Structures are given as structure tokens and as C-alpha cells.
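This note's numbering applies: residue 25 is where the sequence shown begins, and numbers increase by one.
None of these hints come from the bench; they were simulated from the model.
There may be inaccurate statements among the hints.
As the list claims (entries may be wrong) - So the derived label-pair ranges between C-beta atoms look like this:
| # | residue 1 | residue 2 | range |
| --- | --- | --- | --- |
| 1 | G366 | L337 | 39 to 45 angstroms |
| 2 | Y99 | K183 | 47 to 53 angstroms |
| 3 | K250 | Y99 | 35 to 41 angstroms |
Unchecked claim - When the alpha-carbon atoms are kept at most 25 angstroms apart in a straight line, the in silico DSS-like pairs for lysine-lysine are as follows:
| # | residue 1 | residue 2 |
| --- | --- | --- |
| 4 | K381 | K421 |
| 5 | K250 | K169 |
| 6 | K169 | K296 |
| 7 | K202 | K187 |
| 8 | K187 | K98 |
| 9 | K66 | K421 |
| 10 | K185 | K250 |
| 11 | K422 | K66 |
| 12 | K381 | K66 |
| 13 | K324 | K296 |
| 14 | K250 | K183 |
| 15 | K98 | K422 |
| 16 | K187 | K174 |
| 17 | K66 | K98 |
| 18 | K324 | K381 |
| 19 | K174 | K66 |
| 20 | K296 | K202 |
Values in this document were obtained by computation on a predicted structure and should not be read as measured data.
Each residue gets a CB set at the ideal place from its N, CA and C atoms; glycine is no exception.
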Amino acid sequence: MIEQQQSTGQTPRSMGSYLTPVVRDIPPSGIRKFFDLAVGSKDIISLGVGEPDFSTPWHVREACVYALERGNTKYTPNSGLPELREAIAEYLYDSFQVPYEPSDEVLVTVGGSEAIDLALRALVSPGDEILVPEPTYVTYGPIAKLSGGKPVGIETFAKDKFKLTPEALQAAITPRSKVLILCYPSNPTGGIMTYDDWLPIARIVEENDLIVISDEIYAELTYEQKHVSFASIPGMRDRTILVSGFSKSFAMTGWRMGYVCAHRELIAGMLKIHQYTIMCAPSMGQIAAIEALRNGMEEKDRMVESYNQRRRLVVQGFREVGLPCHEPQGAFYAFPSIQATGLSSDEFATRLLFEGKVAAVPGNVFGLGGEGFLRCSYAYSVSQLTEAFDRIGNFMKKL
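All chains should be modelled from the sequences, with the hints used to inform the complete structure.
Here you go:
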């Protein structure tokens, strides 16, 4: 038994008081809250987590196993394996017409989340404003604050299909504005931006000397129109830090494999942080990622087609139970309006969980414009989705 230390006579200090104010003030993830409530409850159907229900393709897993058997368990170059960086550059050029030099404009990261953190830490000085179209993924604001910046939400609306409009962007810009974070296809709304949508945004970015972080983790998951990378818009490549990864398109969430591409001077800055904090992404995961890019496109396309089928089912399901739902064009989320119920997003999600036995995420956790909506992932089996809508329908009748 560890002996107790002698008392100094001083009043014990709260351990939480050692934390910095910015860390103390950041709330826990609203997404995880409802996920954690559903964990362990066998009678609850969860539509809350944005994770493919597919397993990583077997040949990708096999490449990792073979790498382990050969003893490939050591550090890689900080930027990642040259072969993987070459494959990423080739893929982005062939798929989205964005050219990057593999040797110094591509950095392999531990998931897209590390890439976003690196970009913000490399760019943001205390007091800089980071513009964030909302509703959006919950991580941007907290990371911006941890970097010393000030996140500024820009509300988007269902009537505009949750697109960022040039008028809204222009109205949000101040002399302190430095970074614009984009997330299209959108988590949580499923909204996308077309080439014509991007052109006026690009003009404003250039006129106001902004740097863009474009989170394109759902780029492969579009259904009626091909994804347009913001970096492909004329004049935007060098102003854009493109973030993506393997989690959503290749069902590799647990592998934590991501990447960031940008002008070599920006990558050099991010690489410094990566060197001192992470060193390199896991070597076995990098080998698996190479296999995914080289030989995984057929499986990726089959997964996208399955999501497309479920997308139609979910949109129709919400409309049939009386919840208006704009048609998502990307990612694997529906964002129905629950305003007609008179309940707040949090109240609706809580009651749906405990009374309807379906877990979803209240829209308010995603920032401006999210109140009055609910995020539901359709990366679940058709049988699960069908049962979920039977339960949601019964819940709505009771309301």
C-alpha cells in the first residue's frame, strides 16, 4: 500500500484548477454524449456515429498483416512513405484535378483530425479569426480556440441546401479574418458545393487574402454530382490546405490514416509540428493505405452505391413520418427538421433515445443553424434503418 504523504496544512487544490482556462471552457463533444448513452443498451438502434458499417476490404487488411509478418514495424519518414505520398498525389490529380508534388506538398497524418490540428496550429496567431460555415463538424471551433484563434460561425440554411453563400461569407469578414474552414460534402447536413458555387467564394477569398482549410474527407461520397475540390478552382490551389483521409471512403476509421496537401512552405510548417508531436503515422497503416489507393476503388464504389440506396430510404422515411428533410447530396448523413414538433433539438433527441429507443445527434451541437434539426447517419444496414423508422414513426404518433 502506498503511504499517505504528510499533510502540509494547506487546503487541497482542485486538480481541475491546473488546467488552462481554454481547456476548462471547451465542452465535451455533443456527438459522443449521445453515442455513450446508447452504448451497452441492446434495445437501442444508434444512428448517431458517422462510421461506415462495412469492414475494411480484405485485401487492404491482408496488406497490413503481410507487412507485420515481414517485420515492417519501424518508423517511416516523418512525411510518410514515399510510395504512399506518390499514390495520394496521383489519386488527387486523377480524381479531382489538383496537382501536388509528393516529395514536399503531401504529409501523411494520423487521421484527418491531426491534419486539421496541424493546419490551424501552423496558421493561427492569438486573436486571428477563423471563419466556419455552420452547421458543421464539431471539431473546428475547439481546435481553433486551442490554437489561440477565435472561431466565427457563418450560418447556412436548409433553403439554400446548406451551401455557403458569398453574401454570408462577405458579411462575416473583418480585418482579423485569416482562415476559412470548409467542409463539403458536409458533416452534418450532406450539402455539397458545385464549381459555380465555388467561383464567387474563391473571389472573396482572394480579395480578402484568406487561407482556406478544405476538409474533403467525404469527397468520394457524392451521389448525383461529382465532388469539386476547392483547391481545383483557378487561383485557389496555393491558398488551400486540402485535408482528407481513408476513414470514410475505404471504411478505415480505426486505422487513423489521413493526409494533408498544400503549398510546400505551408507543409514545411505543419511538418515541424508533426515531427515533434507524432513523428510519423503508423507504418502498417500506411502500407494498407497504399493498397487501398492502388486496388480498392471497386470496393469503394460498391460502398457508395449502397449508401446511395440508403440515402433514398432515409429521406423518404423522414418525410413519411412528418419530418421535412432536404435531400443530402454527399456524405452519409440526413439532417431532418424537427421544428414542427415544438421541441428543441436536445429535447427531441433525448426523448427519441429514451422513449423511441433510437439514438441520433441533436443539431444544435453543430453550431449556428443546427437548432431545430437532427443528424442521423445512414451508414447502417437497411434492416436497421427500416426498424429505426418504424420506431421513429411510433414516437412521432405519441408526440
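**Q.** Given pair status - K421, K66, alpha carbons within 25 angstroms
**A.** holds (24 angstroms)
Q. Straight-line Cα separation of K187 and K174 no greater than 25 angstroms?
A. With Cα atoms ~22 angstroms apart, K187 and K174 stay inside 25 angstroms; holds.
Q.
What's the verdict on K296 and K202, does the C-alpha distance respect the 25 angstroms limit or exceed it?
A. Since the Cα atoms of K296 and K202 sit roughly 21 angstroms apart, the hinted pair holds (cutoff 25 angstroms).
Q. Does the Cβ-Cβ separation between Y99 and K183 fall within 47 to 53 angstroms?
A. Since Y99 and K183 have Cβ atoms about 51 angstroms apart, the given range 47 to 53 angstroms holds.
Q: Kindly confirm whether 35 to 41 angstroms is satisfied by the beta carbon distance between K250 and Y99.
A: Since K250 and Y99 have Cβ atoms about 37 angstroms apart, the given range 35 to 41 angstroms holds.
Q.
So if I understand the rule, the pair passes when the alpha-carbon distance is 25 angstroms or less; does K187 with K98 pass?
A. violated (44 angstroms)
Q) Quick one, are K185 and K250 close enough, alpha carbons at most 25 angstroms? A) holds (16 angstroms)
Q | Distance restraint between K174 and K66, which requires alpha-carbon spacing of 25 angstroms or less | A | Distance of about 41 angstroms is beyond 25 angstroms: violated.
Q: Would you mind confirming whether the straight-line C-alpha gap from K250 to K183 stays at or under 25 angstroms?
A: holds (22 angstroms)
**Q.** Agreement of K381 and K66 with the hint, judged by alpha carbon distance not exceeding 25 angstroms
**A.** Holds, because 10 angstroms separates the two Cα atoms, which is no more than 25 angstroms.
**Q.** Whether the CB-CB distance between G366 and L337 falls inside 39 to 45 angstroms
**A.** violated (27 angstroms)
Q | Distance restraint between K324 and K296, which requires alpha-carbon spacing of 25 angstroms or less | A | violated (33 angstroms)
The structure is inconsistent with the numbered hints 1, 5, 8, 13, 15, 17, 18, 19, although it conforms to all the rest.
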